[in-house]
Structures are given as C-alpha cells and as structure tokens.
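Asker: Chains A and B, in that order, give the protein sequences.
Note that the numbering used here has the first sequence beginning at 51, numbered continuously upward.
Note that the numbering used here has the second sequence beginning at -11, numbered continuously upward.
It should be emphasised that the hints constitute simulated quantities derived from the structure, not laboratory data.
Everything numeric in this text was worked out from a predicted model, so none of it was measured.
Treat the hints loosely; a few may be bogus.
[Stated by the list, open to error] One side only, chain A facing chain B, incomplete, derived with CB under 10 Å:
hint	residue
1	LEU71
2	LEU73
3	VAL94
4	PHE102
5	THR106
6	TYR130
7	ASP132
8	GLN137
9	THR142
10	GLY220
11	LEU280
12	GLY339
13	MET362
[As the list claims (entries may be wrong)] Here are the simulated BS3-like cross-link-like pairs (lysine-lysine), alpha carbons at most 25 Å apart as the crow flies:
hint	chain 1	residue 1	chain 2	residue 2
14	B	LYS53	A	LYS277
15	A	LYS114	A	LYS188
16	A	LYS114	A	LYS159
17	A	LYS237	A	LYS188
18	A	LYS237	B	LYS111
19	B	LYS109	A	LYS159
20	A	LYS237	B	LYS109
21	B	LYS109	B	LYS(-8)
22	B	LYS(-8)	A	LYS237
23	A	LYS277	B	LYS111
24	A	LYS184	A	LYS114
25	A	LYS260	A	LYS277
26	A	LYS237	A	LYS260
Beta carbons: idealized from backbone N, C-alpha and C, even for Gly.
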Amino acid sequence: MTAVSGFRVGVTLHSFAQEYLNLQWSFEDLMQMAGLLGGGVEIVGPSHHRGFPYVTDEFECQFKGAVERYHLTPTCYGTYADPYMLQHRNLTPDELVEYTIPQLQGAHKLGFTLVRLQYFVYPVIERLLPYAEKYNLKMGYEMHVPLTFESPRTQELLRQVEHISSEHLGMIPDCGIFARSVPQFAKDNAVRRGIPENLVNHAVELWKAKVPLKEALDELTSRGLEKSNLTVLERFWGSFGQSNPESLLDIMPYIIHIHGKFFSMVDGDEPDIRFEEVVQALLKGGYTGWLSSEFEGNASDSFEVLKAHQEMLHHYIRANA
Amino acid sequence: MFDKYMIMETGFCNVFQEQEVIGFQLQARLPYYRGLGLSMVEDIRITVDGNAVPREAIRFTTLGKTYSLEEMETEMVGRWEFGEVATLTINQPGGLSSGQHEIELVEQLRISYLPFPSITKDKKTLAL
Chain A
51 MTAVSGFRVG VTLHSFAQEY LNLQWSFEDL MQMAGLLGGG VEIVGPSHHR GFPYVTDEFE
111 CQFKGAVERY HLTPTCYGTY ADPYMLQHRN LTPDELVEYT IPQLQGAHKL GFTLVRLQYF
171 VYPVIERLLP YAEKYNLKMG YEMHVPLTFE SPRTQELLRQ VEHISSEHLG MIPDCGIFAR
231 SVPQFAKDNA VRRGIPENLV NHAVELWKAK VPLKEALDEL TSRGLEKSNL TVLERFWGSF
291 GQSNPESLLD IMPYIIHIHG KFFSMVDGDE PDIRFEEVVQ ALLKGGYTGW LSSEFEGNAS
351 DSFEVLKAHQ EMLHHYIRAN A
Chain B
-11 MFDKYMIMET GFCNVFQEQE VIGFQLQARL PYYRGLGLSM VEDIRITVDG NAVPREAIRF
49 TTLGKTYSLE EMETEMVGRW EFGEVATLTI NQPGGLSSGQ HEIELVEQLR ISYLPFPSIT
109 KDKKTLAL
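So that you can see chain B by itself, here it is in the shape it has in the complex:
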C-alpha cells in the first residue's frame, strides 16, 4: 500500500570519481510500516529502461554505512529504519545518459509473521 513511496523523486544522479562516472544513484524507502533489520531485506532489484541491474553491482547505504546485498543477508544490527531514505548506488562505468529514465525498483522483505515474503514494486520516470 506504500509502494508509491519506494522510489524517491529526489537524489537520482550519476556518481563521479575523479571526473569519471562510475555509476548512478537513487534514493529509496521501505514500503513497510516499520523498520527492519537489514537481514530481513532479502533482495533489492533495479531495472533501468527495461534492463535489470546485476545484484552484485548494488550498494545500499543507510545511516552512514554501506553494504552489498550479500553482506545485508547476515547483518543483524544495522537497520533500515521506518521512513529512512537509503541510497542505492549502482556500479556501472559511464553511468546513465542525461534525460529521462524509467526506473523500476522491487524490494523483497522477509516479514517475521507472514508465511510469504513481501514483494513490492514501484516504477517512476526520473530525469538526470
């Protein structure tokens, strides 16, 4: 029910390192009513203009700490707090071209009291 809040309309940009574009970033929130330990974030899938981003290329940053999705699987202390904006950085040399891009974000969460994972999707067109 909070799917539409997942992709933030702010913070979409290419990431530079010494004048080279090494990837791009977007900002995201949980579609869920409470914060979760990072080990409960089973998967984050990102598609740009119909092309899926490799899982290994995604880095997740919240409250000043950065994790790979694999690292998050066993992270029991770090949390994605309720309403907290996380930064997703995608390693992709050259980044994205300027102009509009269709971004699709899927967040797969393990819910402590439900027999199935929560899989929610948001799609927005963002401009670089």
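So that you can see chain A by itself, here it is in the shape it has in the complex:
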C-alpha cells in the first residue's frame, strides 16, 4: 500500500487502543496488522511496552522479531515528558532531561530514526540534541491540539526550530488541528454524559465561531452547564483544531513526520478532518516522509476503519498526483 509518489502511509499502533486495552488483540496482532496497513509502524512508548521510560532487551527482541516477520519499517517512537508527574511540584529541567534520555536511547534500540516530542521539553532541547545526534534520531515537536498553527506556543516552537536549524529537530503536525467540524461521536458522548442537547449544540456553534475556550465555557456555564460537565465540552477545544492545511506549506522543511489523526470514516471519507487538502499540501510541498494513520474514535473494528482511511488517502494521492 505504499503511495505511488511522494510520501508513504503507515499506521500508529495507538489506533488499535480499543481492542488492545480490551485484550482482544495482542501486541503481536497489532504488528501483523501494521504490515497490512502500509508497513510503517509507529508506537507510543508507555502504551506498547512496559518499563517506560526504558526499553528492555526483552521488548527489543519482541519488537524487532515482529518487524522482521511482517516486513515493517519503524517510523516514529512516541516519547513523553510528563512534567506534571508529581502532585506538588513540576519536574525540574534536570529531571526532564533525565526522563527523556532513556526514551531516546530506547527508540534507537528499537530501530526508530524519529521520535515524537511533547513541547514541554522545549526549554531543555539544547541538552537533548547531543543525544539525538548520538542515537541518530530526528526529534519532532508534535503539533497536537491546542497547538494549532495559530497558537502562540506553536509559533514559539517554530521559531526555536528555525533558530536551531538542526537536522535532528523538526515538527510533527497532527491532523486533529485540521478539523472542519466536531465529530458526531464527541457530540454523542456529551449527550450520553447527561449534557442537554441544546447545550451541546451551542458548544459546537461556539467552537465553529472559534470563541476561545475560557470565554465559551463561561457562556455555557451561564446557560446552565453543570461544573462537573465542563471537561466533557472542554474536549471539543482540546481535541479539534481549525487550522488550514495549506499552512503545512509554510513549514514544509521542518516537517519530519505526520500524524494522520482521524475520528471516523463515513462512505469512504473522513467527515470532520480536511484530508484532501492535507494530501494536496503534502504533495505540493514535496513531502517524502511517512504519514501514520491515527484512529481515535469508536468503531466495531479498528482495522477496517484504518483500511478505509488509507484507501481514502491513496485515492486523494492519485487524484492530486
């Protein structure tokens, strides 16, 4: 299923969270399915192996064996900074570095050449770069909601990446920032949690109008949203961004990987994420890396919905090549 031109399409094992957590599918099953979904495999450290932030020899063996069996390419390893690990204080810069180094080492041990960073390591990035060099890794800040193109934090990260200008540091946009609408499952979930439908619909309108989160929550509270339900609607702002996929062209030299976040497939298309425009921008910009299909939704079978997502991507690639 490798794309005809340009970039390649793979999968993050995070997409199988439902079946994996439910013990329906094992790690080996997930790796086998990755082989049928483009062959590029991305993992999330603390989801897919034990002993995080370290990678054990046992897991190295298990992972590399499966890579061989299913002809996989390790694409990206998801690291975590966990700065709020402790209740009473945040991790110090030294602790952030200490927590990240074994993750870089572990990613390399598994054969990855890319790692996803959370932006919290931004202040200590200069101290991590020597390790990225040592372990031959490109590190990329994930641009995950709320880190849309428009967010000041994203702009700050981009300035740093431009300034440092190292082949070991770049960006990983997550397609959740390219939403055109709030997915149905998120609205259903809010209603299921007992929030009146008119409030849910109003939240969607505020989201569409790009009303900032705090202002929107104040307004929803004044209309009767209970405090205990704030976080449910907060997720609309925390999960779905409204950047324009064309913005990808502005940062093309820094893009080292893409998270093809999607929430559902309806009649062969993703109704809420602007994937055709994402594909157009990537082709136009000459992107040659990987895009991991990343499913985050409810489906009776994650594999089937991932297959449909990749068929859609390949359709757009052919149509725009």
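Start from chain A and add chain B according to the hints.
Answerer: Coordinates of chain B only, in the frame set by chain A:
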C-alpha cells in the same frame, strides 16, 4: 472512552486471613491509552451499594507490589502499565455479604499535557 473496561468482571471476592474476612477485593484497569507512573494516579474512589469506601482503606497492588493511595502520590518508579490488571483491596472487617453488589469506581489521573485531571467512572453490578 475506555470507562467500561475499568472494573473487571473477574476477581471480585472477600479476602480471608485465618478464616476471618478482613475485607474485599476487586480488579481494575486504567481507562487510559497508556501506562502511567503511580504518582500520576491522583485518586481512586470506590463506592459499594451507594456507600463510599474510606480512602485510607484502599490498597493498590500491581506487578507484585502493594501501595496505599498516599504512598502512590510520591511513587516515581512503580507504574500502572497499559492494560495491566491491578488488584484493589479494601480493608473492611467482615467484607461484603454474598449476593449482588453495585460497585462504582472512579479513577482520577493526572495527565502530563492536559490542564485538567481525567476523571472517569465505571459502574458494574458484581456478584459475590
């Protein structure tokens, strides 16, 4: 979204010590997509038939180690791994009566990149 997997349908039982019932146990999983250091498990709240269990009465066991919730607050090495079934032991002399009980479990997690804790709830009727 994984709330329904939190309470396991297996492993619900009274705990005996020398023929005396000293409490009861249930098994639980994280409702989250990755494993967490135990210090990120802010709180575990258990309600049985509408009655809240005192926080001090709860013991958490994973990978062969047992912690009080207070001990977990500062535990930076031990982890509740993804998909891992933890045993929650509740010190309650006499345990629970045989028959059905409505168990409610709330797990409050500190998420490294979100400005609010994740609070999820599962409720199941289990039989002793």
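Asker: With a cut-off of 25 Å on the C-alpha distance, tell me whether LYS237 of chain A and LYS260 of chain A pass.
Answerer: 17 Å, holds
Asker: Against chain B, is LEU71 of chain A within 10 Å by beta-carbon distance?
Answerer: 5 Å, holds
Asker: Holds or violated: LYS237 of chain A with LYS111 of chain B, Cα cutoff 25 Å?
Answerer: 22 Å, holds
Asker: Given the hinted pair LYS109 of chain B and LYS159 of chain A, is their alpha-carbon gap at most 25 Å?
Answerer: Answer violated: LYS109 of chain B to LYS159 of chain A is near 38 Å, above 25 Å.
Asker: Taking 25 Å as the top limit, are the C-alpha atoms of LYS237 of chain A and LYS188 of chain A close enough?
Answerer: Violated, at roughly 37 Å.
Asker: Going straight from one Cα to the other, do LYS184 of chain A and LYS114 of chain A come out at no more than 25 Å?
Answerer: 21 Å, holds
Asker: Given PHE102 of chain A was flagged as interface, is its beta-carbon under 10 Å from a beta-carbon of chain B?
Answerer: Since chain B brings a Cβ to about 6 Å from PHE102 of chain A, closer than 10 Å, the hint holds.
Asker: Decide if the proposed pair is consistent with the structure: LYS(-8) of chain B and LYS237 of chain A, CA atoms, cutoff 25 Å inclusive.
Answerer: Satisfied, since the Cα-Cα distance of roughly 19 Å is no more than 25 Å.
Asker: Do the numbers back the hint for MET362 of chain A, that is, is its least Cβ distance to chain B under 10 Å?
Answerer: Violated, about 23 Å.
Asker: Can you confirm whether the C-alpha distance between LYS114 of chain A and LYS159 of chain A stays at or below 25 Å?
Answerer: Satisfied, since the Cα-Cα distance of roughly 10 Å is no more than 25 Å.
Asker: Please verify whether LYS109 of chain B and LYS(-8) of chain B have alpha carbons no more than 25 Å apart.
Answerer: With Cα atoms ~8 Å apart, LYS109 of chain B and LYS(-8) of chain B stay inside 25 Å; holds.
Asker: Does the interface hint hold: is GLY220 of chain A within less than 10 Å of chain B, judged Cβ to Cβ?
Answerer: Violated - the Cβ of GLY220 of chain A stays beyond 10 Å from chain B, reaching only about 19 Å at its closest.
Of the numbered hints listed earlier, those contradicted by the structure are 5, 9, 10, 12, 13, 14, 17 and 19.
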